[in-house]
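Peer 1: Residue numbers (UniProt numbering), protein chains in the order written: chain A, 1 to 304; chain B, 1 to 327.
Since the hints were made in silico from the structure, they are not lab data. These numbers were taken from a predicted model, which means no experiment stands behind them. Built from N, CA and C at the ideal position, the CB exists for glycine as well. Among the hints, erroneous ones may be present.
As the list claims (entries may be wrong) - Stretches of chain B that chain A covers, calculated by requiring three or more beta carbons in the stretch to come under 8 Å of a beta carbon on chain A:
id, region
1, 99–110
2, 155–163
3, 200–208
4, 244–250
5, 268–282
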Amino acid sequence: MTQLVTAETAVAVDVAAARSRPHWIRPKSVIGGVIILAVVLFAVVGPFFVQDPHAVSSDGLTGPSAAHLLGTTNTGTDVLAQLAYGARGSLTIGILVAVLITILTSVFGVAGAYVGGAVDDAFSLLSNVLLVIPGLPLMIIIGAYVQHKSLWMVALVIALTGWAGGARVLRAQTLSLRSRDYVSASRVAGEKMWRILLVEIFPNLLPVLSSGFVFGVVGAILAEAGLSYIGIGASDSITWGTMLASAQAGQALLLGAWWWFVPPGVLIAVLGCGFALVNFALDEVINPRLRTYRMPRQDRQERR
Amino acid sequence: MHLVRKLAQYLVALWVALTLNFALPRLLPGDPVDAVLSKLQQQGPVDPESRHALEVLFGNTGGPWWQQYLDYLAGIAHGDLGTSVTYFPTPVTTVISESLPWTLVLVGMVTVLTFVLGTALGTIAGWRRGTWIDSLVPATTVLQSIPYFWVALIFLYVFGVTLGWFPLGGGYDSNEFVPELSFAFIGSAAYYAILPALTILVSAIGGWLLGMRNMMVAVRSEDYVVAAEAKGLRPLRVMTMYAARNAVLPSVAGFAISLGFVVGGSLVMEQVFSYPGIGRAMLQAVSNSDYALMQGLFLVITVSVLAANLVVDVLYGLIDPRTRVHA
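Go ahead and model the full structure; you've got the sequences and the hints to work with.
Peer 2: Now the structure itself:
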């Protein structure tokens, strides 16, 4: 009996919570959004206010001071300046990869599943095969053969080795959507295929797509940092990854130059948290069963 | 029929991996022979013969590309992966078999430990939704959005450099030991493995925790769990034998796949800790333009991932009968 009552009050709380505000406006997603905005702002505006990130000076490896707010690297370049330009580089890679992945997953996941037949077979074979070929070693091999890599090249490599998982999720979702009544209805009504795809199918895939986009951005920034750390990142621009790589090469760790290797890592972590929080909220929109509601204290005690 | 289809799919994947391995050095800009030659030229004059010798070494026996392709496949079928440039004149297979045990033991044990711990915590978090243990979930996700090597570097800085509790890198104390089967050596190896193991555990546990937690939340509201509770079974029994037993299925599949990644999934860890495993061999191959070793390692890594996936597909039909019906 207690169990039943608890369940009912829980439902009542659910309804009340759902009515009071849309469920995507929650502390989690608001904090996440603010963090992301702040980092993006830093990447867009920051470079205008800092020193030249390539300027070499004689006062190498000094701690934070008035002249250099976050100290200098071993060649005397300003860490804050590198951080600001690095934010630009890392975010550019993140967004580029996420856009590329979204396009690839849509073509191979959604279009393939909707058309069906041999096209679907070929597309899903391709994504299943790519899914089981380990990504990082493949990235390393490709990265090792290509000697001079631009930011674009790195983004392309990350995207090409990382789209398969998302395509499989989208394919499953599309397969279930295409047999729904309203899709059949618009097909019978003689609507064109691209219109059915864009108007009937895509809006229902938006939560899945946007969660894939969020994961794409974070995953790409992490992958780029890892590639740069190993020594095969972009050679023409500054990213947080290349900063960490040069800090490692310059023995920052052993020399105790924390101001050099801590800030880029912290920024990646903070940005990652921001996206993770937004994604938590997205998850709860997609899958209502995951929502947590705080029960009144009295009930919780009864439960134990 | 289903199994045959799966098997065919894995054969295709294996063929794609082999072909990528063959095609990449030939399609991408930058000739491995040129790369090695320029490296040799820095050390001294190179006689003209060596160009041809290098081409043969890289499997370029002349002749049309399909002839080379067939030679390449035949070589692999005979277990001949070529000769390593980094460890000249050691065959690639020897380099691989020497570094494989290090990776297998360390990463394998940590993977098992992380899975058990993460799943157990996830079970409790999902069962007691909204309590303090559930609030651990966002914290572990935060850990997952930090680059792994950065966590490892910070651990190394704090516990190795500042506190001096653990060694800064390597697989064992190379001043005192040569690899042998003795208690002292194994003890040394275990001591050197603690810090790398800890960093992997910290960065990987969140995924298991979250996955298991979300499955527990879903299973929690199933009728059979409610029925078990209504029968008055002890809560511990309902949690473990009714809910967790069903919720763990996707995690088991993920676990088997991650066992496949044991061989190749520790590249960055091995770089940070200079650990003498497969990943370090791979990175050394990359920095020395040792293409034969690179190809051999990629092959080993890919085959182990493929094998793990195949095992999952076969096992999953056994432990979860529903997938057999749907397939």
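Peer 1: Take the hints in turn and mark each one as holding or not.
Peer 2: Here's how the hints hold up against the structure:
| no. | hint | verdict |
| --- | --- | --- |
| 1 | 99–110 | violated (count 0) |
| 2 | 155–163 | holds (count 3) |
| 3 | 200–208 | violated (count 0) |
| 4 | 244–250 | violated (count 0) |
| 5 | 268–282 | holds (count 3) |
Checked against the numbered hints above, the structure breaks hints 1, 3 and 4 and satisfies the rest.
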